[in-house]
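Asker: Note that the protein sequences, when read in sequence, are chains A and Y. Residues 1 to 444 in UniProt numbering are what the first sequence lists, from first letter to last. Residues 1 to 362 in UniProt numbering are what the second sequence lists, from first letter to last.
It is worth saying that the hints were derived from the structure and are not from the lab. Don't take each hint at face value.
[To be verified] As a list, the in silico DSS-like pairs of lysine-lysine whose alpha-carbon atoms are at most 25 Å apart:
hint, chain 1, residue 1, chain 2, residue 2
1, A, Lys-403, A, Lys-415
2, A, Lys-246, A, Lys-216
3, Y, Lys-164, A, Lys-343
4, A, Lys-86, A, Lys-216
5, Y, Lys-91, A, Lys-86
6, A, Lys-86, Y, Lys-106
7, A, Lys-402, A, Lys-372
8, A, Lys-60, A, Lys-443
9, A, Lys-216, Y, Lys-91
10, A, Lys-127, Y, Lys-164
11, A, Lys-246, Y, Lys-91
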Amino acid sequence: MAGNGGEIQWCFSQVKGSVEEEVADADIISCVEFNSTGELLATGDKGGRVVIFQRDRASKNAVPSRGEYNVYSTFQSHEPEFDYLKSLEIEEKINKIRWLRQTNRNHFLLSTNDKTIKLWKVAERDKRPEGYNLKDEAGMVRDSANITALRVPIFQPMELMVEASPKRVFANAHTYHINSISVNSDQETYLSADDLRINLWNLEITDQSFNIVDIKPANMEELTEVITAAEFHPQQCSTFVYSSSKGTIRLCDMRDQALCDKHAKMFEEPEDPTNRSFFSEIISSISDVKFSHNGRYMMTRDYLSVKVWDLAMESRPVETYQVHEYLRSKLCSLYENDCIFDKFECSWSGDDRHIMTGSYNNFFRMFDRDSKRDSTLEACRDITKPRTVLKPRKVCVGGKRKKDEISVDCLDFNKKILHTGWHPLENIIAIAATNNLYIFCSKD
Amino acid sequence: MSQASASNMEVDPPSSSGVQPSSGGTLKRSNSAPMINMLVATSQSVEVSPSSSFKPADASRLRRLSSSNMGVNAASNLPAPKSTDRVNQIKHEENNITDRETQHEKEVHYSWQVTNSWDGLSLATPDSVMSESHRRPRSFSESLHIMTSPSLLCGSPSPTRIIKQCFSPSMRAPVKNTTFTPSPSPSPTRKSFIRCSGVFRSLSPIATQAPPLKRKLESDGGDRFDYLSPPKKFHTGPSTPDRNLPHPLAHSISSSSLEESSPEQTVPRSCLPPGPHPRPPLASHPPHPHHHHHAQSHSSTMHHQHHKAFMPVAADLTDIHMADSETSEFVEHTEMSDLGKHAIGEHTSQGGGFTPIHPDRV
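Could you put together the complete structure from these sequences and hints?
Answerer: Rendered as structure tokens:
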């Protein structure tokens with residue numbers, strides 16, 4: 001790890017994707033996820049495709065080790081569909097990807113769009129049988145007159161092929177749009193959450209799921225909040241949390257009762273009356289919730305800040321980090337262009353000492369929980385020299401703009417970093433910037 | 001007012017209104033909603049960012065709320081919730097199902113009208129224009145949105161079997177789905193399995209059925225997910241074997257390549273197989289050679305337009321070859337081993353970029 005007091009210096013490692021004037025909608029990356037060892041990195045896009053990258057062996061073993069990933073597999077996970085009952089299109093955009101822990105040589109991941117979750121098996125094949133009796137090497141049928149001896153086909157090595165096949169399709173369980181999936185620590189069940197309900201699935205069974213949370217009111221006119229994210233506890237198989245659009249997080253224990261409508265804990269920070277505005281409720285909506293790796297904390301992302309909560313304390317978060325406070329005065333225009341509804345994700349480092357989240361203008365923010373230092377970095381293609389440490393960026397609010405600073409009004413709100421991932425064991429991060437995937441690694 | 005400059009983000013009302021933006025620039029009371037409406041009205045011309053186009057937000061909002069255009073809502077008295085606030089979206093969806101259905105029915109009706117009236121179309125003369133105009137929808141806000149979604153025309157495809165999608169990391173390209181079976185002579189129905197079932201959605205499901213893949217060759221003892229039969233409710237029909245162009249993310253720039261000034265590890269995009277091909281990225285819709293072999297014409301073409309189609313490379317010619325004879329897919333295997341020697345940067349004379357399997361056949 002870093003030796004200079006814990007501060008990580010990030011260097012550019014790779015960028016995936018092309019530079020386009022007009023980015024095709026289908027190429028926009030919609031989720032990023034490392035697997036449990038960090039060996040594989042999966043991305044999903046709006047076109048329903050999943051691309052898996054694998055750590056480059058040579059770069060991993062190099063000294064200093066580099067974080068480089070090569071394309072390992074790509075497949076079409078979801079297709080657009082049409083819901084006849086409600087006369088609505090169902091987007092093929094991949095909302096979430098979650099890996100299962102690896103148990104044998106094959107990899108499994110869950111990918112979901114708004115309505116359907118699929119379990120994919122990603123397997124390698126590097127051998128094929130050769131030496132058939134009835135066919136020759138080109139596959140043409142051999143003339144039976146020429147067949148004089150009997151031979152046993154043997155396996156010969158071939159070019160590595162990675163096959164992706166859907167193993168389970170979990171469909172027709174959600175009336176509303178699925179926003180989260182989370183695999184349980186028991187690796188046998190997982191939950192899927194839509195706006196109003198959370199279902200519990202067994203990975204083997206596709207035609208049944210248990211509904212464990214239902215916040216749909218009897219009268220839809222009384223609907224005031226929706227579920228925005230949900231996650232299982234990393235170690236306790238009966239605990240999960242879900243966040244709402246009103247800024248509350250509820251922790252539920254499945255051992256209490258079958259339907260976990262009554263929460264075991266509710267985490268809510270009282271509103272700061274000085275900051276109250278028309279937009280208070282909108283910006284308090286939590287877009288992402290993530291447990292720390294050690295299971296003692298969880299992190300929530302609302303529009304302007306990231307909060308770290310101790311699971312033992314419900315009254316308020318233990319840490320709050322401002323992501324882009326300079327936008328607080330611009331909320332009206334952000335409401336105008338719908339940016340106020342952007343759903344940013346957040347990530348823990350492997351040792352839970354750092355947290356990271358995205359912002360606009362292709363900026364992303366890093367927070368060191370120990371030293372309380374924060375930095376703003378940019379994902380851009382200006383690579384001067386390799387192994388150059390990324391220069392911190394600064395946004396200036398007031399009148400006087402210093403030389404390298406960028407003014408709030410010049411921020412590009414179309415370049416938003418919503419999806420990020422942090423390698424579970426090393427300091428390698430993956431940043432999705434629209435249609436490009438950036439990979440940065442720490443200098444050490 | 002706020003129209004001073006396009007890049008001026010300050011949309012707080014002028015100080016004369018009495019609301020002084022505090023350090024946070026916030027509005028003090030929640031019943032300032034009317035104030036917001038005023039701001040909304042006055043800030044129409046202000047852009048937040050000079051280069052913004054907000055199409056993704058609009059598009060997603062449209063997509064989420066309704067399959068038809070928002071312009072139609074004027075006719076149905078449904079003010080769509082402006083925001084992408086999920087709560088309001090859900091309420092709106094629940095309350096307006098019948099209206100959406102009506103809109104959808106209209107679209108289907110018009111699209112059928114258009115397709116059925118192809119024969120009646122001819123070069124417009126002053127006389128014929130008058131007679132045909134009545135068949136067209138009068139309102140321009142009701143655009144003719146032809147749903148190319150295959151499920152629209154053909155219903156949900158019968159879920160049949162697992163179709164593997166294969167990818168070769170060394171070639172950085174999806175490869176044809178080679179059904180890997182221990183039996184050298186596959187059953188006759190398997191030849192249609194090679195094709196994407198998606199192309200033949202309008203065919204009877206029976207014609208495209210093939211026995212499920214045999215997985216006996218799994219030498220790893222099988223996964224826990226293997227022992228169950230293929231999922232019955234498998235609801236997709238990907239035309240994946242046709243998608244042989246690499247995903248845009250295969251295009252990569254690494255810092256290590258900058259160090260050693262080695263060539264970029266990219267799949268060359270400038271070279272594509274000859275013939276109809278899309279320009280990258282893969283959003284355009286080339287005609288598919290397969291379609292020549294089937295009398296599906298209309299529906300499959302429309303279906304194909306819907307797919308963000310990968311250009312089939314030379315591999316598909318062997319596909320055709322295999323369909324005609326009952327030779328197995330092992331044609332692929334021998335060529336694949338040859339391909340191991342081909343670096344990505346090599347181009348054969350035909351200009352095929354990725355999998356020059358049969359240079360002479362192209």
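Asker: State for each hint whether it applies.
Answerer: Consistency of the hints with the structure:
1. With a CA separation close to 22 Å, the supplied pair Lys-403/A and Lys-415/A stays within the 25 Å bound.
2. Taking the CA atoms of Lys-246/A and Lys-216/A, the gap is about 15 Å. The hint holds against a cut of 25 Å.
3. With a C-alpha separation of about 33 Å, the suggested pair Lys-164/Y and Lys-343/A falls outside the 25 Å cut-off, and the hint is violated.
4. For a cut-off of 25 Å, the pair hint linking Lys-86/A to Lys-216/A stands: about 18 Å separates their Cα positions.
5. Our distance criterion of 25 Å between C-alpha atoms is met by Lys-91/Y and Lys-86/A, whose separation comes to about 13 Å.
6. Of the pairs offered as hints, the one joining Lys-86/A and Lys-106/Y holds, with about 15 Å between alpha carbons and a cut-off of 25 Å not exceeded.
7. For the proposed pair Lys-402/A and Lys-372/A, the alpha carbon gap of about 24 Å is at most 25 Å, so the pair holds.
8. Taking the CA atoms of Lys-60/A and Lys-443/A, the gap is about 14 Å. The hint holds against a cut of 25 Å.
9. For a cut-off of 25 Å, the pair hint linking Lys-216/A to Lys-91/Y stands: about 11 Å separates their Cα positions.
10. A distance of roughly 17 Å separates the Cα atoms of Lys-127/A and Lys-164/Y; the hinted pair therefore holds under the 25 Å criterion.
11. Between Lys-246/A and Lys-91/Y, the direct Cα distance comes to roughly 17 Å. Compliance with the 25 Å bound is thereby established for this hinted pair.
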